[in-house]
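Q: Sequence:
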Amino acid sequence: MRPGPQHRPLGVDRRRLLVGGGLLTLVAVSGCSWLDRTPSTPDPEVHPDHGLLADARQQQADLLDAVRTTAATHAALATALAPLVARAEERLAELDRAVGDPTATPPSAGTSPTSASPTPVPARPAAAVRALATRSQEAQAARREDCGAATDQGVARLLASLSAGYAQDAVVLRTTRAAA
Numbered sequence: 359m360r361p362g363p364q365h366r367p368l369g370v371d372r373r374r375l376l377v378g379g380g381l382l383t384l385v386a387v388s389g390c391s392w393l394d395r396t397p398s399t400p401d402p403e404v405h406p407d408h409g410l411l412a413d414a415r416q417q418q419a420d421l422l423d424a425v426r427t428t429a430a431t432h433a434a435l436a437t438a439l440a441p442l443v444a445r446a447e448e449r450l451a452e453l454d455r456a457v458g459d460p461t462a463t464p465p466s467a468g469t470s471p472t473s474a475s476p477t478p479v480p481a482r483p484a485a486a487v488r489a490l491a492t493r494s495q496e497a498q499a500a501r502r503e504d505c506g507a508a509t510d511q512g513v514a515r516l517l518a519s520l521s522a523g524y525a526q527d528a529v530v531l532r533t534t535r536a537a538a
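Those letters in the sequence shown? Residues 359 to 538, by my numbering.
Hints are not guaranteed to be accurate.
As the list claims (entries may be wrong) - What follows is a list of derived Cβ distance ranges for each label pair:
hint, residue 1, residue 2, range
1, Ala440, Val404, 34 to 40 Å
2, Ala499, Thr431, 23 to 29 Å
3, Ala433, Gly506, 37 to 43 Å
4, Pro406, Thr431, 38 to 44 Å
5, Val404, Glu496, 24 to 30 Å
6, Ala499, Thr533, 16 to 22 Å
In short, the hints are calculated from the structure, not lab data.
Glycine included, every Cβ here is placed at the ideal spot set by N, Cα and C.
Given the sequences, and given the hints that come with them, work out the whole structure.
A: Encoded structure:
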């Protein structure tokens with residue numbers, strides 16, 4: 359007797375989410391208009407989407423600080439959070455470039471957080487990972503909303519890519535929380 363066909367659960371599996379996030383990033387980086395500035399384009403401070411990019415940059419810097427602080431507080435999570443730190447640094451570098459500061463570098467692991475009052479890290483590792491997942495979801499929602507408000511196609515693509523990346527991070531953090 360042969361077993362019946364196996365049914366997969368509906369929805370998006372992690373592999374498709376990761377591939378989709380990577381493709382969105384590739385599309386966003388490859389076809390930017392304002393982000394590929396030439397000397398004839400306006401200064402970033404007068405661009406209509408500069409505020410959206412500056413807000414995204416600040417939230418990304420705060421999120422990077424939160425991930426680093428969590429990894430430092432819970433040493434057992436450091437290895438699991440290392441890929442998130444790397445992605446957060448890449449996003450911050452791209453936002454620095456988009457905002458108009460190509461020389462800016464992400465703060466190193468030893469520097470103090472950029473936010474005035476960093477959010478304390480929960481004492482339990484699972485709660486700390488849950489807090490990071492919540493922050494990633496908040497960033498994802500904010501970038502999705504900003505994407506609709508952007509006037510420049512390149513900025514909209516960058517914000518959409520960031521939103522997809524934050525959604526990817528939230529999925530990874532949920533998996534990490536289950537293992538913590």
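Q: Hint by hint, say whether it matches the structure.
A: Each hint tested on the structure:
1. Ala440 with Val404: 34 to 40 Å: holds, 39 Å
2. Ala499 with Thr431: 23 to 29 Å: holds, 26 Å
3. Ala433 with Gly506: 37 to 43 Å: Between Ala433 and Gly506, where Cβ atoms are some 40 Å apart, the hint holds.
4. Pro406 with Thr431: 38 to 44 Å: holds, 40 Å
5. Val404 with Glu496: 24 to 30 Å: At roughly 29 Å between Cβ atoms, Glu496 and Val404 fall inside 24 to 30 Å, so the hint holds.
6. Ala499 with Thr533: 16 to 22 Å: Holds, at about 20 Å.
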